[in-house]
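Asker: Okay, here's what each chain looks like letter by letter:
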Amino acid sequence: MSEPIERILVRHLGSRLAVPLFLVDSEGTLVFYNEAAEEVLGRRFDDAGEMSFEEWTGVFAVRNDGGQPLAIDELPLVKALRERRPAHSRFDITGLDGVMRSLEVSAFPLEGQGGAQLGAVALFWEAATP
Amino acid sequence: MIVRLWGTRGSVASPGPETIRYGGNTACVEVRTDDALLVLDAGTGIRRLGTTLRQHRGRIDILLTHLHLDHLQGIGFFEPCFQPGVELHIWGPPSTTQDLRERLARYLSPPLFPVRLRDLGSRVSLHDVPAEPFTIGSATVSGEAVIHPGPTVGYRISSGGRTLAYLPDHEPALGAPSFPLSPDWTSGHRLAADADLLIHDAQYTEAEYPGHVGWGHSSLEHTWAFAVQAAVRRLVTFHHDPSHADDQLDDLVTHLQGRDGPEVIGGREGLGFSLV
Chain A
1 MSEPIERILV RHLGSRLAVP LFLVDSEGTL VFYNEAAEEV LGRRFDDAGE
51 MSFEEWTGVF AVRNDGGQPL AIDELPLVKA LRERRPAHSR FDITGLDGVM
101 RSLEVSAFPL EGQGGAQLGA VALFWEAATP
Chain B
131 MIVRLWGTRG SVASPGPETI RYGGNTACVE VRTDDALLVL DAGTGIRRLG
181 TTLRQHRGRI DILLTHLHLD HLQGIGFFEP CFQPGVELHI WGPPSTTQDL
231 RERLARYLSP PLFPVRLRDL GSRVSLHDVP AEPFTIGSAT VSGEAVIHPG
281 PTVGYRISSG GRTLAYLPDH EPALGAPSFP LSPDWTSGHR LAADADLLIH
331 DAQYTEAEYP GHVGWGHSSL EHTWAFAVQA AVRRLVTFHH DPSHADDQLD
381 DLVTHLQGRD GPEVIGGREG LGFSLV
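Read top to bottom, the protein sequences are chains A and B. Mapped onto this note's numbering, the consecutive letters of the first sequence carry residue numbers 1 to 130. Mapped onto this note's numbering, the consecutive letters of the second sequence carry residue numbers 131 to 406.
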């Protein structure tokens, strides 16, 4: 199955950015994150590989500022994917290396020619400690 | 399927004594199947093709990869456009901002051209290239977006058990950390995979490419790597840089020939292929 050109270009762009980038397809399957994201997520993409929607939304133990688990629908990337709009949020994750980090995440939908839903992209940063 | 090259030059027509063997006309390829006449792009090469079709009646399908002038400039000089007995179907890549008629009319109207699209004598129908494969006669045509500035597609045409892939303007290596990545992550791979004949952008030398990254074209080594990954049988280099004279093109093609992989042929005006 070939990837659409828009996702190929996002992956190529991400591979050259120092900003962490996370790319999912229209089914929500994680298809790529870049080297900068590897440091935050705690594992090389080549080692982690693609992950289903259920897998990546469960594996990072996402919590809000109060330490409570965050509903999947509250994740910016899920909002971008399901509601087809940009979204931003701050929350904590536990990386695949077991380290907890606070993140600021902005996500936007990938919409192609003819309104084709091609997935969504998240850019994120480690949040400054208050 | 019979394939004939009427224009193989890229960017701008470049006639002259130094380009006489490969030709100076811009992109145009004639494809004939048992029951259809397809014309790939309408660069200046389409004018001479039109002179062979003065007696043609019935349907002609022009498949545009994109609307840069070197792929469009000849359309107003294609005689069948003005023949009442011709049913002309023009296919082009979809855009989110303007339909194909509006975009074509920007060229086919004053002050750029004296005749308006609506005043052509043939019966003209315009089509956005659909996302799914479609048929023209017995041929199956797939058009998919490829890496090139602006909406651009490449084509895969299959008929009689043979397949032609046409990607005249294509920079699959753009931004790739290494090239090629896996087939799934390589622009245009599905169009070209296992094709009997691949006509592909080969505009730049390796020395020229770094100065033209993002312009939408390939170096010869990128073209070779793309063709090898796609496991095509024959590769025709195409969209020659206007500054490349015949002798230099000979050298560039010779450099690729004899390697393990597809047969390499320098795309020259007038060259024909029979895919049977």
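Because the hints were derived from the structure by calculation, they are not lab data. Mixed in with the good hints, there may be bad ones.
Non-contacting residues of chain B with respect to chain A, defined by C-beta distances greater than 12 angstroms in every case (computed) [unchecked claim]:
1) P224
2) R246
3) E274
4) A306
5) D314
6) W315
7) R320
8) G341
9) R364
10) G400
11) S404
Partner residues are not named here, just some residues of chain B that face chain A (Cβ under 10 angstroms, in silico) [as the list claims (entries may be wrong)]:
12) L247
13) L250
14) G251
15) P302
16) P313
Remember, it's a predicted structure, so these values are computed and weren't measured experimentally. Virtual Cβ for every residue (Gly too), placed ideally from N, Cα, C.
Asker: Now, for every hint given, state plainly whether the structure supports it.
Answerer: How the hints compare with the structure:
Residue placement check: B/P224 does not keep its beta carbon more than 12 angstroms from all beta carbons of chain A (closest about 5 angstroms). Here B/R246 stays apart from chain A, with its beta-carbon at least about 27 angstroms from theirs, past the 12 angstroms limit. In this structure B/E274 is not separated from chain A by more than 12 angstroms, as the shortest Cβ-Cβ distance comes to only about 8 angstroms. A Cβ of chain A approaches the Cβ of B/A306 within 12 angstroms, the least distance being about 5 angstroms, so the stated non-interface status is violated.
The Cβ of B/D314 sits about 5 angstroms from the closest Cβ of chain A, inside the 12 angstroms cut-off, so the non-interface label is violated. For B/W315, the non-interface assignment is contradicted: its Cβ lies about 6 angstroms from the closest Cβ of chain A, within the 12 angstroms cut-off. For B/R320, the requirement that its beta carbon stay farther than 12 angstroms from each beta carbon of chain A is not met, with the minimum near 4 angstroms. Remark: the non-interface label on B/G341 is consistent with the geometry, its nearest Cβ contact in chain A lying 18 angstroms away (cut-off 12 angstroms).
In this structure B/R364 is separated from chain A by more than 12 angstroms, as the shortest Cβ-Cβ distance comes to about 22 angstroms. Every CB of chain A is more than 12 angstroms from the CB of B/G400 (nearest about 33 angstroms), matching its label as outside the interface. Every CB of chain A lies more than 12 angstroms from the CB of B/S404, the least distance being 29 angstroms, so the non-interface label holds. Taking 10 angstroms as the C-beta contact cut-off toward chain A, the hint placing B/L247 at the interface is violated, the least distance being around 22 angstroms.
Look at B/L250: its Cβ only gets to about 27 angstroms from chain A, farther than 10 angstroms, so that hint breaks. With 10 angstroms as the threshold, the beta carbon of B/G251 stays out of range of chain A, its nearest partner Cβ sitting at about 32 angstroms, so the hint is violated. For B/P302, the interface hint holds, the least distance from its beta-carbon to any beta-carbon of chain A being 9 angstroms, beneath 10 angstroms. The closest approach between the C-beta of B/P313 and any C-beta of chain A is roughly 7 angstroms, which is under the 10 angstroms cut-off, so the hint is satisfied.
The structure fails to meet hints 1, 3, 4, 5, 6, 7, 12, 13 and 14 from the earlier list, while all remaining hints are met.
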